[in-house]
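First to last, the protein sequences are chains A and B. Heads up, this note's numbering is the position in the first sequence plus 54, with the first residue counted as 1. Heads up, this note's numbering is the position in the second sequence plus 6, with the first residue counted as 1.
Simulated from the structure, these hints should not be mistaken for laboratory data. In this text, all values refer to a predicted model and were calculated from it rather than measured experimentally. The beta carbon of each residue, even a glycine, is placed where N, CA and C say it ideally should be. One or more hints might be untrue.
[As the list claims (entries may be wrong)] If you want a taste of the chain A side facing chain B, the calculated C-beta under 8 Å gives, among others:
| # | residue |
| --- | --- |
| 1 | Ile213 |
| 2 | Ile215 |
| 3 | Ile218 |
| 4 | Ser219 |
| 5 | Ala222 |
| 6 | Ser249 |
| 7 | Leu252 |
| 8 | Ile276 |
| 9 | Thr283 |
| 10 | Leu284 |
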Amino acid sequence: MNENPLHHFELHPIGHLSLFGIDISLNKAIFIMWAGLAIVFGLFLLIRTLGLRLVPGKMQSIAEMFLLFLRGLVDDFIGKEERKFFPFVAALFFFILSCNTIGLIPGSYTITSQLVVTGTFAIFIFIMTLFIGFGRHGLHFLGILVPAGIPKILIPMMIVIEIISMLARPFSLAVRLFANMTAGHTILAVLFAMSLSLPWIGVLPFGFTVAINGLELMVAFIQAYIFTTLTCFYIGDVIKMH
Amino acid sequence: MSGSFRLSIPCRNKLMSKGNSFRQGIGIAFRLGTELVAATMLGALMGYAADYFFDTKPWGILVGLIFGAAAGCLTVYRTAMTLQFDEEENNDPSRKEEEKDS
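Chain A with its partners taken away, still in its complex shape (with noise of 0.2 Å):
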């Protein structure tokens, strides 16, 4: 037993679909994208089916603790007035949060392991801070590269510096889960690999893995938290220029 183990993040399409010369097949992290918004959706919509009660349900009182929790972080970073971010903040939190649970299941994928799929919602976040700032403030926003009450000489410095590490707001987001959950997973196919090559002495590794895994489930819901955070803690920034 040999096998690479970064070979589980290869993908390989299913069938081939194109529209209009574009190539368009389906692989299997896109299905799992599909399952991960399908289980969000369904989970809530069992919650509203079931019935909202005074007194909830334990599904109920599930929803209604990270909701209150997703709340008090928009509270908390963007401001009480500005709740209007709340349905994207937890929509983001629980789709990620739903792909990172899902990759823990053995024969699935991990599609927050993709730099493309957490660039991708980087990207798109630097964006949206990048349009709520110049819609809010205009090109006062500019301001926002200049810290209050700096030497002038220093001012065309700390630009370039302020730019870089504006700049770097997305990368680190990106960086930061992709890094986390390709680690994790890789640790896990390396802790297989040695427990089906050893001898009798691989049930080690294979204890270690379920122990891996544990730490893994924990990851998944700190990653998916530490994005939410930062998304409000970026759009906070923009919307009270430091």
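Chain A is fixed; fit chain B onto it per the hints.
Below, chain B without anything else, positioned relative to chain A:
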């Protein structure tokens, strides 16, 4: 649509509660590590791109790396400052009373 979803029970789960220090700490840890690296790498990449397009071989990446590192340090410094601010806010007794009221 405010009446459609009744938010009735308080957060009982510890990890999801508002001032949970473990969750906040882990968030900060994951944030600081990548932000420093990301900004430095982005600066170096921009410098490399400048080298590639304007044929200024060694200088672009050097200056880019320095500016990137400066940007990374600045981001980390700012994050650390907000962290301290949060702690002070949490210890503020008036804020706790506010939370109880709401």
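Going through the hints against the structure:
no., hint, verdict
1, Ile213, "violated (11 Å)"
2, Ile215, "holds (5 Å)"
3, Ile218, "holds (4 Å)"
4, Ser219, "holds (4 Å)"
5, Ala222, "holds (4 Å)"
6, Ser249, "violated (29 Å)"
7, Leu252, "violated (33 Å)"
8, Ile276, "holds (6 Å)"
9, Thr283, "holds (6 Å)"
10, Leu284, "holds (7 Å)"
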